[in-house]
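Undergrad: Sequence:
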Amino acid sequence: MAPWVVVPHASAQVLPPSLMMTYDMSGQPLTITHDGSGVYSFDGLPYPGMVLYTPANGVVYYQHPEDPIWHTVTPAMLRGVVVPAAVTEGPASNPWQDHTTLRWNITTPATAPDSPSHSGTACGPVFAAQGPAAMSGLNITDLYQVLTTLQWLSGGSIANPCEKLQFSAEAAARIGLPTVFTGPNGTWHLQEIVQTSTTTISMPSAQPMDDATRLRLLLIQFSPDDRAELLKKYGDLPTQQQIEQISPLLTQETIVP
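Okay, so the sequence shown: first residue is 196 according to this note's numbering, each after it adds one.
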């Protein structure tokens, strides 16, 4: 394996080399591949579909298995979804492959609209390091941008503020890349980052995500009979209101007529 060259975050001019990194998601592998030109692909996320990501502008490219069209989600589209994260540095933890690792305590502010009584929420700690951030070209903002986007598309809304955190550029740079944190399907552990000879990823022609597509992605998760019932009940509402009505039903086992 070729020696690593430490580089800044991928939004800068210098990009990391082609690489593959792996997380263990409570027993399930997630592979993140960088093609050396600033495009990352995610394989194994607990959501259906194909995912590409460009850290330089924070744009997620997504294609659902039942939709031939690729769509883009930008940070601006999530502006009314995310909540700001307040971070405080904790003690050093077990190093990740000899890289200094710190514990970061994260809370949401008292004004977070989804917090009970607007009292704020203490989220699970994140253990992160600068070394793997420099190696991979990713940091905590990038992971949360991808995960928040997919949950927003798959669930319609995100009730838990700890699952839609937004970090300031300064905080993200201080934190680096998470090596252990709570993901959407349990605890994630960073396993390895290795250089590869990955070929350039061809960027698809994509359309901006819109409410009609979001509604369609929610509806296809229900059976045909349930979809018909939902459209009968809510189909005359504006699209955004349909999303708001249908989103909570994804966690229910049956649709109540």
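Check before you lean on any hint, since a few could be wrong.
[As the list claims (entries may be wrong)] Keeping only pairs whose Cα atoms sit at most 25 Å apart, straight-line, the calculated SDA-like set for lysine to any residue is: (1) K427 with I396; (2) K427 with L414; (3) K428 with Q402; (4) K428 with P443.
[Stated by the list, open to error] Derived CB-CB ranges, DEER-like: (5) P320 with T394: 45 to 51 Å; (6) E424 with P241: 44 to 50 Å; (7) S213 with E424: 26 to 32 Å; (8) P279 with A251: 35 to 41 Å.
Don't read these hints as lab results, they were simulated from the structure. Here the structure is a predicted model, which means the values were calculated and not measured. By construction, the Cβ of each residue, glycine as well, lies at the ideal position given by its N, Cα and C atoms.
Undergrad: Next, verify each hint and record whether it holds.
TA: Comparing the hints with the structure gives:
1. For the hint linking K427 to I396, the alpha-carbon distance of about 42 Å lies beyond 25 Å, and the restraint is violated.
2. Proposed proximity of K427 and L414 is supported: the alpha carbons are some 13 Å apart, at most 25 Å.
3. Proximity of K428 to Q402 is assessed by CA-CA distance (about 29 Å); at most 25 Å being required, the pair is judged violated.
4. The suggested pairing of K428 with P443 holds, with an alpha-carbon distance near 15 Å, which does not exceed 25 Å.
5. Under the hint 45 to 51 Å, the C-beta atoms of P320 and T394, about 38 Å apart, miss the expected range.
6. For the hinted restraint 44 to 50 Å between E424 and P241, the CB-CB distance of approximately 27 Å leaves it violated.
7. The hinted range of 26 to 32 Å is not satisfied by S213 and E424, whose Cβ atoms lie roughly 49 Å apart.
8. One distance hint, 35 to 41 Å for the beta-carbon pair P279 and A251, is violated here, with the actual separation near 22 Å.
Hints 1, 3, 5, 6, 7 and 8, counting from the list given before, are not met by this structure.
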